[in-house]
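Student: Input sequences plus hints: build the corresponding full structure.
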Amino acid sequence: MPKCNINGKEIEVKEGTRLIDAFKEAGEDIAHYCYHPGLSVAGCCRLCMVEIEGNPRLQIACNTTVQDGMSVSNESPAVKDAVKWGLDFHLINHPLDCPICDQAGECELQIQYMKFGKYDSEMAEPKVKKHKVVDLGPKIVLDTERCILCSRCVRFTDEVSKTHELGIFNRGDRSEIGTHENKPLDNNYAINTVDICPVGALTSKDFRFRQRVWYLKNSETICNGCSTGCSVKTYYNEEGLFRVKPVHNEDVNGYWMCDFGRDIYKYANKEVRIQNPELNSEDITIDQAITEFESRLKSIDKSKTAVVVTGQQTVEEYESFLGYLKENSINQVYHWINNPDSFEDFDGLLIRGDKNPNTKGLLEVMDKNGFNKPWSELTSKLESNEIEHIIVVAPENVEMYPDMDEKVQMFSKAKQLTWLGTVKNDNINDLKIPMKSFVEKSGTFVNYEGRRQNFKKVTVIVKNAICLTDMVSYLKNKTLEIDNSPEHYKRKMNYFTQVRGGL
Amino acid sequence: MSIVKKPSKTSNWYLPGILSGMGFTFKTMIKNIFNRDKMPTLNYPEQKYNYSSRFKGNHVLTVKKDGSLRCTACMLCATACPADCIKITASEHEDPTVEKYPINYEIDILRCVFCGYCEEACPVDAVRMGPEWQTPGLCGSDFNYDIQHLAYRPSLKGGALSRVDEEERHKSGI
Numbered sequence: 336m337p338k339c340n341i342n343g344k345e346i347e348v349k350e351g352t353r354l355i356d357a358f359k360e361a362g363e364d365i366a367h368y369c370y371h372p373g374l375s376v377a378g379c380c381r382l383c384m385v386e387i388e389g390n391p392r393l394q395i396a397c398n399t400t401v402q403d404g405m406s407v408s409n410e411s412p413a414v415k416d417a418v419k420w421g422l423d424f425h426l427i428n429h430p431l432d433c434p435i436c437d438q439a440g441e442c443e444l445q446i447q448y449m450k451f452g453k454y455d456s457e458m459a460e461p462k463v464k465k466h467k468v469v470d471l472g473p474k475i476v477l478d479t480e481r482c483i484l485c486s487r488c489v490r491f492t493d494e495v496s497k498t499h500e501l502g503i504f505n506r507g508d509r510s511e512i513g514t515h516e517n518k519p520l521d522n523n524y525a526i527n528t529v530d531i532c533p534v535g536a537l538t539s540k541d542f543r544f545r546q547r548v549w550y551l552k553n554s555e556t557i558c559n560g561c562s563t564g565c566s567v568k569t570y571y572n573e574e575g576l577f578r579v580k581p582v583h584n585e586d587v588n589g590y591w592m593c594d595f596g597r598d599i600y601k602y603a604n605k606e607v608r609i610q611n612p613e614l615n616s617e618d619i620t621i622d623q624a625i626t627e628f629e630s631r632l633k634s635i636d637k638s639k640t641a642v643v644v645t646g647q648q649t650v651e652e653y654e655s656f657l658g659y660l661k662e663n664s665i666n667q668v669y670h671w672i673n674n675p676d677s678f679e680d681f682d683g684l685l686i687r688g689d690k691n692p693n694t695k696g697l698l699e700v701m702d703k704n705g706f707n708k709p710w711s712e713l714t715s716k717l718e719s720n721e722i723e724h725i726i727v728v729a730p731e732n733v734e735m736y737p738d739m740d741e742k743v744q745m746f747s748k749a750k751q752l753t754w755l756g757t758v759k760n761d762n763i764n765d766l767k768i769p770m771k772s773f774v775e776k777s778g779t780f781v782n783y784e785g786r787r788q789n790f791k792k793v794t795v796i797v798k799n800a801i802c803l804t805d806m807v808s809y810l811k812n813k814t815l816e817i818d819n820s821p822e823h824y825k826r827k828m829n830y831f832t833q834v835r836g837g838l
Numbered sequence: 009m010s011i012v013k014k015p016s017k018t019s020n021w022y023l024p025g026i027l028s029g030m031g032f033t034f035k036t037m038i039k040n041i042f043n044r045d046k047m048p049t050l051n052y053p054e055q056k057y058n059y060s061s062r063f064k065g066n067h068v069l070t071v072k073k074d075g076s077l078r079c080t081a082c083m084l085c086a087t088a089c090p091a092d093c094i095k096i097t098a099s100e101h102e103d104p105t106v107e108k109y110p111i112n113y114e115i116d117i118l119r120c121v122f123c124g125y126c127e128e129a130c131p132v133d134a135v136r137m138g139p140e141w142q143t144p145g146l147c148g149s150d151f152n153y154d155i156q157h158l159a160y161r162p163s164l165k166g167g168a169l170s171r172v173d174e175e176e177r178h179k180s181g182i
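Taken in sequence, the protein lines are chains A and B.
Start counting the first sequence at 336; every next residue gets the next number (my numbering).
Start counting the second sequence at 9; every next residue gets the next number (my numbering).
One thing to keep in mind: the hints can contain errors.
[Unchecked claim] Lysine-lysine pairs mimicking DSSO-like chemistry, simulated, CA-CA at most 27 Å apart:
| # | chain 1 | residue 1 | chain 2 | residue 2 |
| --- | --- | --- | --- | --- |
| 1 | A | LYS464 | B | LYS72 |
| 2 | A | LYS580 | B | LYS108 |
| 3 | B | LYS108 | A | LYS552 |
| 4 | B | LYS95 | A | LYS540 |
| 5 | A | LYS637 | A | LYS811 |
| 6 | B | LYS95 | A | LYS552 |
| 7 | B | LYS73 | A | LYS465 |
| 8 | A | LYS798 | B | LYS95 |
| 9 | B | LYS72 | A | LYS462 |
| 10 | B | LYS73 | A | LYS464 |
Calculated from the structure, these hints are not laboratory results.
Nothing here was measured: the structure is a model prediction, and the numbers come from that model.
Tutor: Written as structure tokens, this is what we have:
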């Protein structure tokens, strides 16, 4: 294990660590654009300059490995000068349209300029004009003027997604990022290039111009798009969720996430959610809804009550709800699998065929309670009208359940249908109780390999929603405590001006 | 907490106080009748006060030469606004050099405190505080100004032209 001295701090790092990582480990700031820990080293931005003792010239930290006894600094005047003028080169042709640029607020150029630059440009020549608003594919828009040619996105398509769509064309100050003819940037991981773009050159069509980033708060959670269970960050304000970005988690997803996972916020937002409990399309209060549910449980024979569950809720909810069912000797619990044919698929990187985040957790709890009835039994019982009351714990991510309408029709054969769901469904005309989506509750997901991942509540979107745990505690204790008051509902003052001081 | 004042002996002597007060009133009244020019109040609405040209009144959205909005929907005004009265919805413009423009720009003038921060924050001189200040309305929605009112109201005679010329800006390479 080599030891080195970074800005006067002695640290010990792993063999083969790059200097730039050692700087991050030591907690020192270092300017850089082209280096990304998930990609190979390009060394083209020339911004991570450091002074190594005994070396007459400045070196780049990203392409130098730490050696024992190295003494490195990036605080000397020579380094600061090099970074400052390196930045000037990057900004020669960079347009000053930060107000229109979607990256403003989280732009590396802005950050580095405020840290190291702060000079007046000495260029007399006008800026080179390049193509604006280039349509790269169905998900991404490119602004070549804003690009600083760090080549992160090119390396991403070469090394991670291995689709080789992007390349750098032309030479000198006319170089541009672009795609080859008839080969748009359209793979399942394409929006990662937007995340790693240090400037506003690549923007996602989904998020473009919808919000300025400084209006959004963020919070980490687990993606509920498939059984991989990537660590993600959701960006939201009081209007709802706006985007999802990956968070580095070496054990699960590395630095990336898939494009399907970025759509999960759409099923949690207000527009698509059940707002109030409904009984035969009439709004009722949550107390009335649960009382109605309880009376159905009590009045209908246990052998004529069936429960359908999907792997989209948390382990804690399953434990309390399935435990309650067992106590009340309701034994007909069925596991709804949306895509039995492609359930075991895996694309080699992150995307899995099992589109439920918690199938493993559900199966564990079902085994514990001894529920193991096959799906075919439910179908035949519904056919022969043996079931009077069916309780469906509906999936949140309805896009991944293409058989939804068909299944709803099947469930409707029962006399009474209790729908515990998050997303609106107009085909159901019975008791509907709004459930909390994954961003509104804390809990545990067990992913495909059995890894238990805890996540915390992000925000509240539907005030009347409850989770299964709330409902069971109401059924048992007759008290309902819904925690649906996040910070910004309590706050009477202007939320934006409150947080603006930190910008 | 309430403060209770006990009646004292001197409080019975109210007449001198009333008389001196009335005396002052009559003195001022007679002064105003015979010297109308120096009267501090105005006979509004027949008479109106002439504010200086720097007066910060109701907002104006400036327009380009072709009459379209100057605003680029950068939302810096909404960010700077301490009263949180500006609501902007941005959208993609057909012209790639314009790129972004507001499809909705609303100012809730009842919330506005006329501080002028929006004018100062605007990087393209798109929002200004105009000289207007008499703006009555019949209901709450009359005070929620949209693009039509802010940029093209009749008193602006087709829109206020911004002094910033985008062609010059483009030529100089900004």
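Student: Decide, hint by hint, whether the structure agrees.
Tutor: Verification of the supplied hints:
{"no.": "1", "hint": "A:LYS464 with B:LYS72", "result": "holds, 22 Å"}
{"no.": "2", "hint": "A:LYS580 with B:LYS108", "result": "holds, 24 Å"}
{"no.": "3", "hint": "B:LYS108 with A:LYS552", "result": "holds, 23 Å"}
{"no.": "4", "hint": "B:LYS95 with A:LYS540", "result": "holds, 22 Å"}
{"no.": "5", "hint": "A:LYS637 with A:LYS811", "result": "holds, 18 Å"}
{"no.": "6", "hint": "B:LYS95 with A:LYS552", "result": "holds, 18 Å"}
{"no.": "7", "hint": "B:LYS73 with A:LYS465", "result": "holds, 25 Å"}
{"no.": "8", "hint": "A:LYS798 with B:LYS95", "result": "holds, 24 Å"}
{"no.": "9", "hint": "B:LYS72 with A:LYS462", "result": "holds, 23 Å"}
{"no.": "10", "hint": "B:LYS73 with A:LYS464", "result": "holds, 23 Å"}
Consistency note: the structure conflicts with none of the earlier hints.
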